[in-house]
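In case you want the letters, here they are:
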Amino acid sequence: MNYLDFEKPLAEIEGKAEELRALARANPAMDVAKEAEGLDRKADTLLKDLYKALTPWQKCLVARHPDRPHTKDYIDALFSEYTPLAGDRGFADDHAVMGGLARFNDQPVIVIGHEKGNDTKSRIERNFGMARPEGYRKAVRLMEMADRFRLPVITLIDTPGAYPGKGAEERGQAEAIARSTEKCLEIGVPLISVVIGEGGSGGAVAFATANRIAMLEHSVYSVISPEGCASILWKDADKMREAAEALRLTAQDLQKLGVIDRIVKEPLGGAQRGRKETVEAVGKAIEAMLKELSGKKPDALIKDRRQKFLDMGSKGLAA
Amino acid sequence: MNWISNYVRPKINSLFSRREVPENLWTKCPECGTMLFHRELAANLNVCTSCDHHMAITPRDRFTALFDTGIFVEVKVPEPITDPLHFRDQKKYPDRLKAAQKSTGAKEAMLVAEGEVGRTPIVAVAQDFSFMAGSMGMYVGNAIVAAAERAVKLKRPLVLFAAAGGARMQEGILSLMQMPRTTVAVQMLREARLPYIVVLTHPTTGGVTASYAMLGDVQIAEPNALICFAGPRVIEQTIREKLPEGFQRAEYLLDHGMLDRVTHRKAMRDELMMILRMLMGMTPAVKGDLPPPGDPSAAVADAN
Ligand SMILES: [Zn+2]
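In order, the protein sequences belong to chains C and Y.
Just so we're aligned, residue 1 is where the first sequence starts under the numbering used here, counting upward by one.
Just so we're aligned, residue 1 is where the second sequence starts under the numbering used here, counting upward by one.
Derived from the structure by calculation, the hints contain no laboratory data.
Computed from a predicted model, the values in this text were never measured in an experiment.
One or more of the hints may lead you astray.
What the hints assert, rightly or not - When the alpha-carbon atoms are kept at most 20 Å apart in a straight line, the in silico SDA-like pairs for lysine to any residue are as follows: (1) C:K256 <-> Y:I81; (2) C:K303 <-> Y:E191; (3) C:K291 <-> C:V279; (4) C:K284 <-> C:Q255; (5) C:K166 <-> Y:G257; (6) C:K235 <-> Y:K92; (7) Y:K76 <-> Y:K107; (8) C:K121 <-> Y:T238; (9) C:K166 <-> Y:R233; (10) C:K239 <-> Y:D89.
The task is simple: from the sequences and hints, build the whole structure.
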C-alpha cells in the first residue's frame, strides 16, 4: 500500500499490526490476535474519519494516487473485444490516450481515455497521461467514426493536463484541443464522460464535453492545478491547500455548480483501497447514463449537449 | 491555464499605470525603449513608430479605428452571476474586479459591437488585455455567445480580436467551461454559413487559444504576437532547455502552418474588409470609399 502524507498515522497503526502478526508467525507460541485486532479496529476508525472529511487538497492527492484504477483497468474490466485503434494519421500515435472499438454490455462503442501508466516504464511511455496534439487528433478521428456508425462514445478522464512541450506547441496543441472540444459538440451519438482521477484543465475538457458527466467521489476537475494557481495568485506554490479550497474542484462542489451530473461513490479509503468495487461502480454509472440517453435522436443529442454547456454556470453555487 | 499571466503582467501593468497619470504624455516602447508621444502613438494605433512593436490597444480604440467614421453600436452582453465561487486568494475576487474596472474604465474584459467596415456590415468582439489579463470567465463567454447570436440574427460575419492570459482562475471550473460554451457560439456561425475571422493579438494563451481563438475560418495574427497554449516559461521548466528565438510568435506559427496570415495592425482593416466581402459574396470594396459620417445618434441607439 502506498500511503499518502495525510495517511501517515494510519500507516503507523497498520504497520504495527502487521509487525505483530509477523512476530506471531515467527513465534507460534505468542498470542497477538487480540492486540492485532484492536489495532485493526483503530485503523478502520481512523480511515473512516480521514475519508469522511477529506479537504480539497487531500482529494487532489487521492485523485492522483498511483494505485487508483486507471483507464486501462476500466477498459480491461468493463469492456470486451477492446480493439485499440492507433494514430492521428498525421504525425504519430499518442500513448497518453487510449482509444478504440469495444463492447460495453455487448453494445459496440468507442472508448477513449487518458492513461497515466502504473510503473516507471509505462508512465514514461504514457507521458504520465499528458496528451500531445496527436492524442486529441486521434480522439477526433475516433469520434467521427463513432458518429458515422452510430456508436456511443465513452470517455475516461485522468490527466494532469495537456503536455507543455516544445513539439506539442509546434504541432498545434491549442488547435488540437479546440478541435477535439468542437468534435464533442458535433457528434450525433451519446457522449458520456467519467472523471476517474484528475480532470486537468483543457486537456480534460477536450474529451469531457459530454451529454452526461460523472465523477468519482474523490476525483477532481479544475481549470488549473492548485500548485499552478497558488504560484500565480498567491505567488507561492506552497499555498496549494488554499488554492485547492478556493478553486472548488471537488466532485461535490462541481455537482452543486451544475457542471457534472452524478457522483460515483468510492469504497472506504478511496478507489485505491477497493479497485474492483470502484471499477464496478463506474460500470454501473456508465450503464445508467447510457440508458438515460438511449432512444434519443442524433439532433436531440447534439442540441441537448450544446444547451447544457450554454446554460452552465448561470446559477453559481446556488444551483 | 493562466500560466502566462505572470510573464506578461509586469510589462503591461507598467504600460497602463503610466497611462493613468494624465500629465505623463510619453510612453516608453517596451521593445526598443523609444519614448513615444501619446498623440503620435494613438494615431499609429499603439504601434511603435520606431520599431513597429504592436502594443496593447483597448477594444474601444480598436473599434474606433476599425469601424467607418469610428461609429459603432455596442451589443449588450447578458450579466453573469458575479463571483460564482465566492473566490478569495490574497484578495477577494469582487475586489480584483472593482480594481480592474477602476483602472481600465471598462466593465469587463470583452466588448461587443456592430457597425460597418468599408460599408461591410459586421459584428466585432474584442478582448481587453488590460482588464485582468483579458482572462476568460463567464462574462467573456457571454460576450462571445451574444456576439454570435447577434451576427446570426443580422446575417453578418463576426470578427474576433483575441488577447488573453487564459482562463479566469477566480471563476474556477466555470472559466474552463467557457471553452465548450464559446465553441457552441462558433458552431452557430458555422451553421448559419457566416464567416468567423479571428485576429490573434499579443498575447493569446491558454484556454482561450485552445477554444474560440483557434476555430476561425481565417486565422490572422498581428506581428510578433505570442500565441500559445502553454507559456514559454512553463515549457522551459518542463523540458529544461532554452526555447529558440521567436518560438510561439506569430511568424513562427505561420511557418508551422497554424495561421493563415500575419498582418500589420495598420493594414488589418483593409484586409478584413477584403476577405469578408469575398466570403460574403459582395462586390469588391472601393479603396478610400468611406461613407459620409453617419448619423451620430446611431452610436447611442439600443442594439437590441
Ligand atoms: Zn519600439
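Hint by hint, work out which the structure violates, then give me just those numbers in ascending order. none
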